[in-house]
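Whole structure, please, built from the sequences with the hints as guidance.
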Amino acid sequence: MARTDAVVLGAGIVGTSIALHLAKRGLSVALVDRAGPGEGTSYGNAGVIEGNTLLPHPFPTAFGALMKVALKRATEANYHLFFLPRVAPWLLDYRANSAIERRIRYANLMRPLFGAALAEHETLMQESDATRYLRKEGWLKVYRTQAAFAATARERELATEFGLPYDALDRAGALALEPALAPQFVNGIYWRSSASVTNPLALTRAYLARFTALGGVVLTGDARTLHRAADRWRVETDEGPVDAREAVVALGPWATDLLEPMDIDLPMAVKRGYHLHFRPRGNAGLTRPVVDAELGYCVAPMEQGLRLTTGAEFADRDAPPTPVQFDRLLPQARALFPLGEQVEPQPWMGSRPCFADSMPVIGRAPGQSSLWLAVGHAHWGLTLGPVTGRLLAEMMTGATPFCDPTPYAAERFTA
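Just so we're aligned, residue 1 is where the sequence shown starts under our numbering, counting upward by one.
Calculated directly from the structure, the hints in this document are not laboratory data.
You can trust all of the hints, since none of them are fake.
Simulated DEER-style distance windows between Cβ atoms:
1) Pro-345 with Asn-108: 39 to 49 Å
2) Arg-245 with Ala-182: 56 to 66 Å
3) Gly-282 with Ala-399: 46 to 56 Å
4) Asp-318 with Arg-245: 30 to 40 Å
5) Asn-108 with Ala-65: 21 to 31 Å
6) Glu-39 with Gln-146: 38 to 48 Å
7) Ala-176 with Glu-39: 32 to 42 Å
8) Gly-282 with Gly-240: 50 to 60 Å
For each residue, glycine too, the CB sits at the ideal point set by N, CA and C.
Encoded structure:
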């Protein structure tokens with residue numbers, strides 16, 4: 001019987017960062033996952049550390065945009081018809097949270113996390129000998145119409161209020177940053193304070209190596225076996241049972257499989273997403289991730305090639321992949337970006353765990369002694385992994401948290 005101070009369930013970027021922060025504070029920690037660390041949701045993102053994020057993605061309100069989604073013609077969203085009744089209550093809450101006053105409230109509550117995100121990554125990268133994956137070139141969003149660019153006015157005002165640097169660009173200015181783009185747009189916004197990584201999987205593995213160098217243990221096991229054993233938590237692993245004084249649930253879209261049998265009912269949904277890699281066309285390439293803002297996809301330069309990511313798909317987490325969004329967006333993406341030969345035969349698919357208010361849950365689990373949660377990071381798991389690790393480790397060890405964790409408590413849903 002192995003005994004540790006803490007067991008962390010889930011070895012994505014969030015769980016690995018938490019385990020590393022706990023180990024840095026001298027705790028004995030076991031990190032448990034049923035698959036390889038970083039190979040789930042954490043693998044497939046656009047690699048952006050979004051220190052500039054202010055407003056969450058809104059629910060579409062324009063009639064034309066809604067009709068495109070309803071008729072399955074939108075590039076930014078897809079859905080499975082028979083899944084809609086199950087996700088409808090969540091979608092209604094999400095629409096309510098898209099009111100501008102709630103989005104501004106989000107900007108204020110989340111600013112401590114987003115504001116510290118890059119610095120926390122850099123600290124772990126330096127300790128993990130992983131700075132080679134960091135690219136501090138910001139990211140660029142391009143807009144195909146003047147109306148879409150004008151709609152960013154409130155976000156740009158907030159950026160000025162928060163002191164976030166950005167450049168509002170005309171077409172020529174954006175092309176000066178990324179000469180390989182075709183002039184299929186009218187404006188751009190260059191977010192200078194963001195950064196990106198060239199290989200999210202390798203980055204997670206680097207943090208994992210640092211964790212094990214500090215004495216942390218990585219085990220293969222099923223988190224659903226977690227149960228109370230006297231005054232401790234016990235989880236079964238391939239190497240035998242592990243007992244821990246405290247347990248952390250960082251299971252991303254699989255968290256509900258463990259929490260619901262414990263009567264911890266958190267209103268989390270998943271947004272599925274896909275990516276494909278392409279070789280650059282000729283000698284062309286990109287210096288930084290670029291978002292085609294109106295069509296809802298990103299192209300990011302990675303070690304594997306140019307990674308093309310889709311928007312959201314609302315479907316059962318475990319349903320077979322339906323990457324139809326590529327059929328809709330690829331003609332326009334190829335017209336804008338220097339996408340050459342496709343690298344993989346089939347797209348990668350993952351699921352983003354999301355709450356309707358777009359904020360994660362970070363803190364104690366309601367009604368459970370010594371059980372902690374770090375779930376629901378939505379589109380920002382990579383961005384917020386290390387800063388979540390620091391905040392939760394401070395809470396678990398009795399240190400003064402670097403920011404007020406109250407807004408991220410699960411009790412906002414259970415009270």
